[in-house]
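Student: Spelled out from the first residue to the last, the chains are:
Protein chains: 2
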Amino acid sequence: MSFDRLITKIREMKNPTVVGLDPKLAYVPSYIQKTYMDVDGESLKAASRAIFRFNQEIIDAICDIVPAIKPQAAYYEMYGHHGIKTLERTIRYAKLKGMFVITDGKRNDIGATMEAYTAAHLGTTMVGENECTPFGADALTVNGYLGSDGINPLLRTCKEHDKGIFVLVKTSNPSSGELQDRLIDGVPVYAIMGDMCEAWGREQIGQYGYSSVGAVVGATYPEQLRELRARLPHTMFLVPGYGAQGGGAAGVAGAFDANGLGAIVNSSRAIMCAYQKEGCDEHEFAQAARREAIRMREDLTSYIDIK
Amino acid sequence: MSFDRLITKIREMKNPTVVGLDPKLAYVPSYIQKTYMDVDGESLKAASRAIFRFNQEIIDAICDIVPAIKPQAAYYEMYGHHGIKTLERTIRYAKLKGMFVITDGKRNDIGATMEAYTAAHLGTTMVGENECTPFGADALTVNGYLGSDGINPLLRTCKEHDKGIFVLVKTSNPSSGELQDRLIDGVPVYAIMGDMCEAWGREQIGQYGYSSVGAVVGATYPEQLRELRARLPHTMFLVPGYGAQGGGAAGVAGAFDANGLGAIVNSSRAIMCAYQKEGCDEHEFAQAARREAIRMREDLTSYIDIK
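As you go down the protein sequences, you meet chains A and B in turn.
All residue numbers in the first sequence are consecutive under full-length UniProt numbering, ending with 307.
All residue numbers in the second sequence are consecutive under full-length UniProt numbering, ending with 307.
To be clear, the hints were calculated from the coordinates, so they are not data collected in a lab.
Certain hints may be false.
Remember, identical chains collapse to one label, so a pair may be satisfied in a single copy or spanning two.
What the hints assert, rightly or not - Simulated pairs of lysine to any residue, SDA-like, Cα-Cα distance not exceeding 25 angstroms: (1) 24 to 132; (2) 95 to 269; (3) 9 to 37; (4) 14 to 203; (5) 24 to 136.
Owing to the predicted nature of the structure, the values given are computational and were not obtained by experimental measurement.
Could you put together the complete structure from these sequences and hints?
Tutor: And the structure:
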């Protein structure tokens with residue numbers, strides 16, 4: 001029932017935004033990079049520490065107006081285990097500040113291996129008698145190509161630890177249709193995957209009518225957003241592709257239900273790099289991120305009436 | 001053209017086996033666990049160090065008779081950044097010993113994010129002027145649900161750094177058919193994904209006729225293995241599900257071409273836990289792993305004639 005916590009935050013803040021923390025090193029102001037490279041050289045360790053500082057200041061600047069962050073695992077893995085340490089610390093810090101954390105990992109596997117991913121990202125790992133929490137996010141994005149064997153281990157943890165998942169349904173990229181739009185008995189693959197989300201979530205429906213199994217549906221396909229909103233009444237949507245990828249607030253509105261709920265819209269680069277777009281002093285990067293987060297909230301809520 | 005290196009090793013050793021290193025802590029002999037927990041307590045750090053030692057001894061015991069290892073990322077992520085450090089060290093050690101390393105991560109995303117995964121696992125990350133290698137595997141498993149946008153960034157790195165990928169086509173688990181067996185214009189989804197692999201690999205075909213884009217096809221579906229071998233003449237197969245999951249050597253034979261090439265068969269638990277099955281002293285775990293690797297090689301080559 002994890003999405004109850006997320007939806008409650010969205011209602012309190014009147015803001016259905018999640019800020020993607022996909023921190024390429026080039027996004028990090030040079031004075032921060034220098035601080036760490038002066039100590040550890042041009043290393044993966046220095047880069048990872050600079051990125052943590054960057055994330056931390058953005059979290060400080062937005063945590064009272066944005067309900068959630070979505071760190072993208074790829075941008076941490078590219079710095080090796082130092083980057084993964086920054087991912088751990090970013091999640092922990094955001095949770096300390098009261099934010100809901102969605103790790104964007106698009107993980108997928110079967111059986112015992114999927115249990116290992118689940119333990120890593122949402123659950124706990126036993127070492128002897130000691131129950132450790134490796135990452136401790138609130139939700140994880142996953143890929144359903146392998147079917148129920150890849151999803152069932154997640155469902156158990158969602159129930160026991162009050163967590164959620166978002167399954168890739170219709171992704172925001174231009175080539176998503178190569179498989180996802182193909183028809184099976186007259187129904188596109190993305191709708192079949194959506195129906196599977198409804199089925200997987202059936203036993204875990206929360207107070208707002210949404211289950212712990214959500215779906216990723218891109219802002220760049222407004223028609224499919226509307227179609228899937230009607231087809232999947234218990235499935236919370238995570239909507240990437242707003243802004244940088246070309247999806248606008250008008251199109252995104254179709255992802256929401258009559259109460260203005262049921263979806264959360266992601267923005268990454270536009271917020272992280274707001275200081276570059278504004279052309280302000282790089283020391284003001286966090287306040288620029290806040291200004292852009294406010295602009296996005298106003299844009300979304302001019303189309304969506306959250307009840 | 002990366003699979004040339006792998007196929008050459010397979011021919012030299014007359015062994016189409018990859019050993020999966022999916023090291024649950026319970027697989028690690030208790031004397032090794034104790035060595036590290038005496039120092040670092042029942043922690044993720046101690047567990048990760050114990051696992052590295054376990055991997056290292058298995059690699060030492062098999063590297064002259066087995067061409068490749070396949071570490072499964074999930075079993076390292078479940079120990080947080082300490083586990084990821086063990087993944088890095090395991091890859092580095094296996095490569096030092098001359099082995100071909102396939103990271104089983106089933107990664108997937110689009111555009112710049114997929115570039116980040118590619119940099120992480122197969123390529124390099126720039127920090128200032130310094131070109132760093134986070135993981136440095138030879139190949140990576142990936143999920144093609146997002147279409148070409150998720151594969152193209154990998155193809156560039158495969159070409160430039162002599163690497164390979166294996167795309168999930170027909171997975172070994174019981175529920176793989178929920179999506180993968182559904183028909184699109186009379187053709188199952190797995191065959192459509194297989195055709196995409198042939199198309200993605202078209203420009204990168206090596207000396208043995210196989211491209212740098214391989215496919216994952218489960219040993220548990222021998223009919224589909226045979227069908228896909230005929231349908232995808234330039235696609236190298238990574239075949240999980242032999243042994244523990246119920247696939248036998250007779251069925252697996254259909255994955256190979258007339259020269260006994262074109263596939264590599266994975267075994268994980270049967271080799272890692274051979275000492276438990278044998279009931280020998282746990283100090284002999286690495287020699288037991290070698291005995292099981294030899295048994296598997298004999299089993300496979302009684303059906304497959306490598307030319």
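Student: Check residue 24 against residue 136 for me: Cα-Cα at most 25 angstroms, and say if that holds within a copy, between copies, both or neither.
Tutor: both (23 angstroms within a copy, 19 angstroms between copies)
Student: Under a CA distance limit of 25 angstroms, which applies to residue 14 and residue 203: within one copy, between copies, both, or neither?
Tutor: neither (28 angstroms within a copy, 51 angstroms between copies)
Student: Quick one: residue 24 to residue 132, C-alpha cut-off 25 angstroms, is that within a copy, between copies, both, or neither?
Tutor: between (29 angstroms within a copy, 15 angstroms between copies)
Student: Between residue 95 and residue 269, at a C-alpha cutoff of 25 angstroms, which is it: within one copy, between copies, both, or neither?
Tutor: within (21 angstroms within a copy, 37 angstroms between copies)
Student: My question is about residue 9 and residue 37: at a cut-off of 25 angstroms on alpha-carbon distance, are they close within one copy, between copies, both, or neither?
Tutor: Close neither inside one copy (38 angstroms) nor across copies (41 angstroms); limit 25 angstroms.
Consistency with the previously given hints fails for numbers 3, 4, ordered from lowest to highest.
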